[in-house]
Amino acid sequence: MIGTGRAADRDTALGLGMNAFLDLQADKLEDAGEVDVVFDVIGGEILDRSAALVRAGGTLVSTARMPTVQPKDGHAVFFLVEPDRSRLAELAQRLRDGRLKPIVGAVRPLAEAPAAFAPDRRTPGKTIIRIAEGG
Amino acid sequence: MSQKADVMKTITVRDRGAGVGGLSLTNMPYPHAAQNDVIVRVHAGGFTPGEPDWPTTWADRAGRDRTPSVPGHELSDVVVELGTEPRASPSASGCSG
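Respectively, the protein sequence lines represent chains W and U.
Heads up: the first sequence begins at 119 in our numbering, then just goes up one per residue.
Heads up: the second sequence begins at 0 in our numbering, then just goes up one per residue.
Calculated directly from the structure, the hints in this document are not laboratory data.
Where a beta carbon is used, it is the ideal one built from N, C-alpha and C, also for glycine.
Worth double-checking, as some hints may not be accurate.
[Claimed, not checked] The following label-pair restraints were derived from C-beta to C-beta distances:
| no. | chain 1 | residue 1 | chain 2 | residue 2 | range |
| --- | --- | --- | --- | --- | --- |
| 1 | U | Val69 | W | Phe197 | 21 to 27 Å |
| 2 | W | Asp141 | U | Pro67 | 24 to 30 Å |
| 3 | W | Asp166 | U | Pro67 | 34 to 40 Å |
[Unchecked claim] Covered by chain U, according to a simulated footprint, are these stretches of chain W (three or more residues, beta-carbon under 8 Å):
| no. | segment |
| --- | --- |
| 4 | 226-238 |
| 5 | 242-249 |
[To be verified] Here are the computed lysine to aspartate or glutamate pairs in the EDC-like style, where the Cα-Cα straight-line distance is at most 20 Å:
| no. | chain 1 | residue 1 | chain 2 | residue 2 |
| --- | --- | --- | --- | --- |
| 6 | W | Lys244 | W | Glu230 |
| 7 | U | Lys8 | U | Glu84 |
| 8 | W | Lys244 | W | Asp129 |
| 9 | W | Lys219 | U | Glu73 |
| 10 | W | Lys190 | W | Glu208 |
| 11 | U | Lys8 | W | Glu230 |
| 12 | W | Lys219 | W | Glu230 |
| 13 | W | Lys244 | U | Glu73 |
| 14 | U | Lys8 | U | Glu80 |
| 15 | W | Lys244 | U | Asp76 |
| 16 | W | Lys219 | W | Asp129 |
| 17 | W | Lys244 | U | Glu50 |
| 18 | W | Lys190 | W | Asp154 |
Please put together the full structure from these sequences, using the hints given.
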């Protein structure tokens, strides 16, 4: 399992169980070699170049947009979650079991939400807006 | 049981071209739970930076203008009010995303 991202994400990715990490600003994506599945959450040019990494019979999955460049002998899928109760319960159970490790970044009050999501700000992890006191 | 508020504090977007720079803290009227609706008290929420570009941020399923739109699809909340005919029994807490 190979993770990709910025250099600052390397330790996080390896800590989550990745066997290797590619720094997309320093390494070549193509160095990943052939893989069974690409899971893309970036889109754009990285998504287009990912198609060539998929080995025959493999799958390219993107949550960013419908892949326009198809893997040569594989599938391309655009995927967005449709939540339903049973699968949300399953996710909650995985969270309790420690199998899911959410990466929470900044926790800010509602009034600071516009500043928290300002375009020039990059905070590692998911920024959470806490609304209810003690919630 | 706490008294029902007249307003709720929200983050809204009004300008489609403004991107995430268009988020602002706003008072909105307390929502009305129509048939099939539930009202939830949000404890925590997330936001995806792409939301100002999503067509669903600006129009509902019938194509009606949603401005001012309240972004945020990832919620941890408690159901506090039911509409007249909610389709399924809601959970005491839920999340959506």
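How the hints compare with the structure:
About 25 Å separates the C-beta atoms of valine 69/U and phenylalanine 197/W, a value consistent with the hinted range of 21 to 27 Å. Separated by about 40 Å at the C-beta atoms, aspartate 141/W and proline 67/U break the suggested range of 24 to 30 Å. In this structure the hint that aspartate 166/W and proline 67/U lie 34 to 40 Å apart at CB holds, the actual value being about 36 Å. Closer than 8 Å: that is the beta-carbon criterion, and the segment 226-238 of chain W has 7 residues meeting it against chain U, so the requirement of 3 holds.
Beta-carbon proximity to chain U at under 8 Å applies to 6 residues in the segment 242-249 of chain W; the threshold of 3 is reached and the given coverage holds. Restraint check for lysine 244/W and glutamate 230/W: satisfied, since their Cα atoms lie roughly 15 Å apart, inside the 20 Å limit. Taken as a hint, the lysine 8/U and glutamate 84/U pair is broken in the structure, with Cα atoms around 26 Å apart against an allowance of 20 Å. With a C-alpha separation of about 16 Å, the suggested pair lysine 244/W and aspartate 129/W falls inside the 20 Å cut-off, and the hint holds.
Among the hinted pairs, lysine 219/W with glutamate 73/U is consistent with the structure: their alpha-carbon atoms are about 16 Å apart, no more than 20 Å. Of the pairs offered as hints, the one joining lysine 190/W and glutamate 208/W is violated, with about 35 Å between alpha carbons and a cut-off of 20 Å exceeded. With a CA separation close to 12 Å, the supplied pair lysine 8/U and glutamate 230/W stays within the 20 Å bound. Using a Cα cut-off of 20 Å, the hinted pair lysine 219/W and glutamate 230/W is violated, with the two alpha carbons roughly 25 Å apart.
This hinted pair checks out: lysine 244/W and glutamate 73/U have alpha carbons roughly 11 Å apart, not beyond 20 Å. Distance restraint check for lysine 8/U and glutamate 80/U: the Cα-Cα separation of roughly 17 Å lies within the 20 Å cut-off, and the hinted pair is therefore satisfied. Between lysine 244/W and aspartate 76/U the alpha-carbon distance is near 17 Å, which keeps this suggested pair within the 20 Å criterion. At roughly 14 Å between alpha-carbon atoms, lysine 219/W and aspartate 129/W fall within 20 Å of each other, so this suggested pair holds.
Between lysine 244/W and glutamate 50/U the alpha-carbon distance is near 15 Å, which keeps this suggested pair within the 20 Å criterion. Between lysine 190/W and aspartate 154/W the CA atoms are separated by roughly 13 Å; this keeps the pair inside 20 Å, and the hint holds.
Going down the numbered hints, you'll see the structure goes against 2, 7, 10, 12, while the others check out.
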